[in-house]
Amino acid sequence: DAKTTQPPSMDCAEGRAANLPCNHSTISGNEYVYWYRQIHSQGPQYIIHGLKNNETNEMASLIITEDRKSSTLILPHATLRDTAVYYCIVRVGGSQGNLIFGKGTKLSVKP
Amino acid sequence: EAGVTQFPSHSVIEKGQTVTLRCDPISGHDNLYWYRRVMGKEIKFLLHFVKESKQDESGMPNNRFLAERTGGTYSTLKVQPAELEDSGVYFCASSPLLASTYNEQFFGPGTRLTVL
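Sequence lines, in order, name chains Z and V.
For the first sequence, our numbering assigns the number 31 to the initial residue and increments by one for each residue that follows.
For the second sequence, our numbering assigns the number 4 to the initial residue and increments by one for each residue that follows.
Pulled out of the complex, with its shape left as it was, chain V reads as follows (with noise of 0.2 Å):
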C-alpha cells in the first residue's frame, strides 16, 4: 500500500512568487492534516481537513495560505506570495477517521521550500 506522497519533494521560489504543494494521502484516510517546520522552529501544525471540510484551521500562519481539498482525496496548500520567512519543510499526514483512541498519522516525506 502507498504511503502519503507530497509534491514536489523541493521548490525555490522566489519572494513574491506563488507556488503550490500537494499532498496524496493514504486511500481511505478521511483525515488530512498539515504540518511545516521553520528553520530552528518545531514542527507546527497547520490545518486539519476532514474528507473535504476544514475540520481545524488554527494554525494557518495567516490568509497567504490557502488550503484546499475539493473531493476529499489529495490537498493542495498554495502560498501566495511567498515570503522569506515561509520557507522550511512543509509535512502533510494522513489517519482514518475511527472512534479508537489509536489513530496513528503517517506522514509524508515532506515538501522542502525556499523562498529567495
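Only chain Z is shown next, with the shape it has when bound in the complex (with noise of 0.2 Å):
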C-alpha cells in the first residue's frame, strides 16, 4: 500500500503557484519522496525527489518538514499544461525499487 496521503483535487489559477501537499507520517529515515506527475493518457512523469533537504529543479520546488512527516510540491507558475494527477512516492527498496503509487492529486489549472 501507499505510504502516502493528498488530497483528491486542486485547482489553481494559472500564473499563480500551486502547492500540493502529502502526508507521509510513516517515514523511514532512509526512504525518499518522489514526485511524479500524469498528464492525461500519457505516463508517469518524474518531477523531483528529495530526503530531508529541500530541493529545487527547472520544474518544481519540494519542501519536506523538518521531521519528514509531510511535504509541499510547489509548481511556481502553473500553467494549463501543468493540469495532471500528481503523485507523492515514498520510494522503497533503495534507488532501484519499485515506486508504489496512491490516488494522487488531480490538479487543475484554470485561465
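To be clear, the hints were calculated from the coordinates, so they are not data collected in a lab.
Mixed in with the good hints there might be a few duds.
Distance condition first, Cα-Cα at most 30 Å in a straight line; then the derived DSSO-like pairs of lysine-lysine [stated by the list, open to error]: (1) Z:K136 to V:K44; (2) Z:K133 to V:K44; (3) Z:K133 to V:K81; (4) Z:K133 to V:K47; (5) V:K18 to Z:K33; (6) V:K57 to V:K18; (7) Z:K136 to V:K57; (8) Z:K99 to V:K47; (9) Z:K33 to V:K47.
Hints are included, so try docking the two chains, each in its own frame, into the full complex.
Following this line, the structure appears as C-alpha cells:
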C-alpha cells in the first residue's frame, strides 16, 4: 500500500503558484520522497525527489518538513499544461526499487 | 535519444484470448519495470527486471501473466488467457543501474488493453 495521503483534487489559477501537500507520517529514515505526474493518457513523468533537504529544479520545488512526515510540491507559475494528476511517492527498496502509487491529486489549472 | 516505447498502443481482445505486450526501454537501461492501472484503481507495480533477470515479481497477479526479457533488452508481457479484469493500461518504465540515490524511472506511454 502507498505510504502517502494526498487531497484528491485541487484548483489553481494560471500563473499562480500551485502548492500540493502530501502526508507520509510512516516514512523511514532512509526512504526518499518522489513526485511524479501523469498528464492525461501519457505515462507518469518524474518531477523531483528529496530526502530531508528542500530541493529545487527547473520544474518545481520540494519542501520537506523537519520531521519528514509531510512535504509540499510547489509549481511556482502554474500553466494550463500543468493540469495533471500528481503523485507523491515514498520509494521503498532503495534507488532501484519500484514505485508505489497512491491515488494522487488531480490538479486543475484554470485560466 | 528515444524514450521508452510500447507496442501496441491499444489492444482489444476477447476473453480467453492471448495478448502479448512489448516494451523497448531506453538504450542502456538495465532496470525495466512493468506497472498497470486497472479501471478505477491506482497504478500498481507488476515486476522488475535487472537485465534479463527477474529481480522482483511480487506484483504479478497470477500465473496467467508471463514476463520475459531475453537478452536484457526489450521485454514482453503475455497474458494467457485474458480475463475481463485484466483490462487497463499497462506501463513500462526503465532506468539505468546506478548506485546513487537518484534514479528516475522513465515511463512509456502505456498499452491500453481492453478484454471483451
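Run the distance test for K136 (chain Z) versus K57 (chain V): straight-line Cα separation, threshold 30 Å. violated, 33 Å
Holds or violated: K133 (chain Z) with K44 (chain V), Cα cutoff 30 Å? holds, 8 Å
Within a Cα-Cα threshold of 30 Å, do K133 (chain Z) and K81 (chain V) meet the stated pairing? Holds, at roughly 27 Å.
Given the hinted pair K18 (chain V) and K33 (chain Z), is their alpha-carbon gap at most 30 Å? Outside the cut-off at roughly 35 Å; violated.
Regarding the pair K99 (chain Z) and K47 (chain V), is the alpha-carbon distance no greater than 30 Å? holds, 23 Å
Given the proposed pairing of K136 (chain Z) with K44 (chain V), does the C-alpha separation stay at or below 30 Å? holds, 14 Å
Proposed proximity, K18 (chain V) with K57 (chain V) (alpha carbon, max 30 Å): holds, 28 Å
Against the 30 Å threshold, does the CA-CA distance of K33 (chain Z) and K47 (chain V) hold or violate the hint? It holds: about 14 Å lies between the C-alpha atoms, which stays within 30 Å.
Is the hinted pair K133 (chain Z) and K47 (chain V) satisfied, with a Cα-Cα distance of at most 30 Å? holds, 11 Å
Going down the numbered hints, you'll see the structure goes against 5, 7, while the others check out.
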